[in-house]
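**Q** Fit chain B to the supplied structure of chain A, relying on the hints for placement.
Below are the chains, spelled out letter by letter.
Protein chains: 2
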Amino acid sequence: MARVVVDVMLKPEILDPQGQAVVNALPRLGVDDVSSVRIGRRIEIEFVGEADLDRAREIADKLLANPVIEDFEVRLAETEEVRP
Amino acid sequence: MARVVVDVMLKPEILDPQGQAVVNALPRLGVDDVSSVRIGRRIEIEFVGEADLDRAREIADKLLANPVIEDFEVRLAETEEVRP
Numbered sequence: 001m002a003r004v005v006v007d008v009m010l011k012p013e014i015l016d017p018q019g020q021a022v023v024n025a026l027p028r029l030g031v032d033d034v035s036s037v038r039i040g041r042r043i044e045i046e047f048v049g050e051a052d053l054d055r056a057r058e059i060a061d062k063l064l065a066n067p068v069i070e071d072f073e074v075r076l077a078e079t080e081e082v083r084p
Numbered sequence: 001m002a003r004v005v006v007d008v009m010l011k012p013e014i015l016d017p018q019g020q021a022v023v024n025a026l027p028r029l030g031v032d033d034v035s036s037v038r039i040g041r042r043i044e045i046e047f048v049g050e051a052d053l054d055r056a057r058e059i060a061d062k063l064l065a066n067p068v069i070e071d072f073e074v075r076l077a078e079t080e081e082v083r084p
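Chains A and B are the protein sequences, given in the same order.
Using full-length UniProt numbering, the first residue of the first sequence is number 1, and each one after it goes up by one.
Using full-length UniProt numbering, the first residue of the second sequence is number 1, and each one after it goes up by one.
Looking at chain A on its own, in the form it has when it is part of the complex (with noise of 0.2 Å):
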């Protein structure tokens, strides 16, 4: 059992108008040193074997996210990050 994290986030050029709109509920709770907030996604891949980057890739590519708009980053997932 091997899990793989994608992280999925809007191309930075794009805007978040749900980032944007935590942005401006933030003086409301007293804080205005927050310059941006970007909301993406996070998948969590578990592989019954071995951890496979590539497959991960493609999978990330073809179903998860949105090459027009969306940039994703594949890795392993740290220890610490595997809950038990």
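Calculated directly from the structure, the hints in this document are not laboratory data.
Keep in mind that a hint or two might mislead.
Any copy will do: because identical chains look the same in the list, a pair fits if it lies in one copy or spans two.
Claimed, not checked - Below 25 Å or equal to it, Euclidean Cα-Cα: the simulated SDA-like pairs (lysine to any residue) are:
(1) K62 <-> D33
(2) K62 <-> V22
(3) K11 <-> R28
(4) K62 <-> A51
(5) K11 <-> G30
(6) K11 <-> F47
(7) K62 <-> G30
**A** This is chain B only, laid out in the frame that chain A set:
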């Protein structure tokens, strides 16, 4: 400028139909060694000065996660995660 990353995932006991839909689509890609896919959110918070993890935790708790069904983790972005 310092970046804090908040990972928000459904609690393990909560069903994730979106992740299950990805699992169901995998055989069509020829993938048969994935046992589970869980889809959560990754939020990048950019602080103007020093990163404030306690502040980020408060933002996550009040604005970003639903503590009834979601767990979250707050951490400093690693250097290689900070895009120029």
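**Q** A separate judgement is required for each hint: does it hold in the structure or not?
**A** Going down the list of hints, with the structure as the test:
In the homo-oligomer, the alpha carbons of K62 and D33 lie at most 25 Å apart only across protomers (17 Å), although the nearest pairing inside one protomer, at 38 Å, exceeds that limit. In this assembly of identical chains, the alpha carbons of K62 and V22 lie at most 25 Å apart only when taken from different copies (10 Å versus 29 Å within one copy). Taking identical chains as interchangeable, the C-alpha atoms of K11 and R28 are never at most 25 Å apart, the minima being 28 Å within one chain and 28 Å between chains. For a Cα distance limit of 25 Å, the shortest separation of K62 from A51 inside one copy, 18 Å, qualifies, whereas the shortest one across copies, 35 Å, does not.
In the homo-oligomer, the alpha carbons of K11 and G30 never lie at most 25 Å apart, since the shortest distance is 29 Å inside one protomer and 29 Å across protomers. For the identical chains of this complex, K11 and F47 are inter-copy neighbours only, at 19 Å across copies versus 28 Å inside a copy, given an alpha-carbon limit of 25 Å. Taking identical chains as interchangeable, the C-alpha atoms of K62 and G30 lie at most 25 Å apart only when they sit on different chains, with a minimum of 12 Å there against 41 Å within one chain.
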